[in-house]
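**Q** Work the whole structure out from these sequences, hints included.
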Amino acid sequence: MAASLIDEILVSFEGAFAEATLKAYRCDFVVYNQWCEQNAVLPFAARPEDIASFVDYMAQRSSPATARRRIRTISNILLLSDHPDPTRNYLVTLAIRRMHRRYGRAQKQAVPLTKDVLEALLAVCGRDTCGQRDAVMLQLGYETMRRRSELCRFKFDDMLMVPNGKTAMQLRFSKTDQWGFGKLIPISRALFDQLLAWGEFVGCEGYILRKVGRYGNVGKSLDPSSINRRLRALQAKTDLELSDMLSGQSFRVGAALDLLYAGESLERIMLRGGWRRESSVISYLREWQDF
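Each residue of the sequence shown is one higher than the last, beginning at 255 in the working numbering.
There's no promise every hint is true.
Claimed, not checked - Label-pair ranges, simulated between beta-carbon atoms:
(1) Lys420 <-> Ser519: 17 to 23 angstroms
(2) Met415 <-> Ser533: 35 to 41 angstroms
(3) Glu521 <-> Val265: 38 to 44 angstroms
(4) Leu376 <-> Pro338: 49 to 55 angstroms
(5) Arg443 <-> Arg540: 32 to 38 angstroms
Note that these hints are calculated values from the structure, not bench results. Cβ atoms here follow ideal geometry from the backbone N, Cα and C, with glycine treated the same way.
**A** In structure tokens, the structure reads:
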């Protein structure tokens, strides 16, 4: 019953939230619902002590950041579907504090894809269709500093030549711009020309990043989850010795670090990356700035 109810609730959320947000909500709620079934708890009528027990359960099986996110998901779903929200109770707050004291609060940061890493990855991109697509993905991700879902939504129509002769991408929606006010993101002329050449090959309309089949056939938009897989496949071909595997977030961290090394202010870095809170940027820079 809870599974069908969450389906109905998420359908009612469509259009009000990004598709990636709804997908994350569903995944988080599945974990919560499974725990509820195992512990004879009604998901939409849980007591504060039930949620506190769920926090204790997650603390042993997932990172603190994941546990916090799942509690936020439960809270949002309950509030927006007009159900009582037990996550704000002091028992839940105490459970989260226990988790932080025992396991820490730090969130694992993505390995930065800085300029030198970018060059190493570009060097192993083949000249075939997949290699050309990967090269576009790398350069576009690094220069725009966008999230995976945002990268995959760029279309050829978003390429702009602004009045001063410079080149840019039009970001129509983002995680921090759900209302579609839009934003111009400057890109190099070299990337602009690279996109034009790629567009001539795949057709200058529709999404820029496309699926590429085994025999080089070009499909529809690349799925955001594929970006991690492509980055790791390219990383495996290089001689790079990184502390962990690259991910879609590596673009943002690496470019932010390069801007910091170039003397850019924190405010300008936040504007380029689309961050609203200083704490988010500082957490990235503090982790890696001395390396």
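**Q** Each hint needs a verdict: does it hold in this structure or not?
**A** Results of checking the hints against the structure:
no.	hint	in the structure
1	Lys420 <-> Ser519: 17 to 23 angstroms	holds, 20 angstroms
2	Met415 <-> Ser533: 35 to 41 angstroms	holds, 36 angstroms
3	Glu521 <-> Val265: 38 to 44 angstroms	holds, 40 angstroms
4	Leu376 <-> Pro338: 49 to 55 angstroms	holds, 53 angstroms
5	Arg443 <-> Arg540: 32 to 38 angstroms	holds, 34 angstroms
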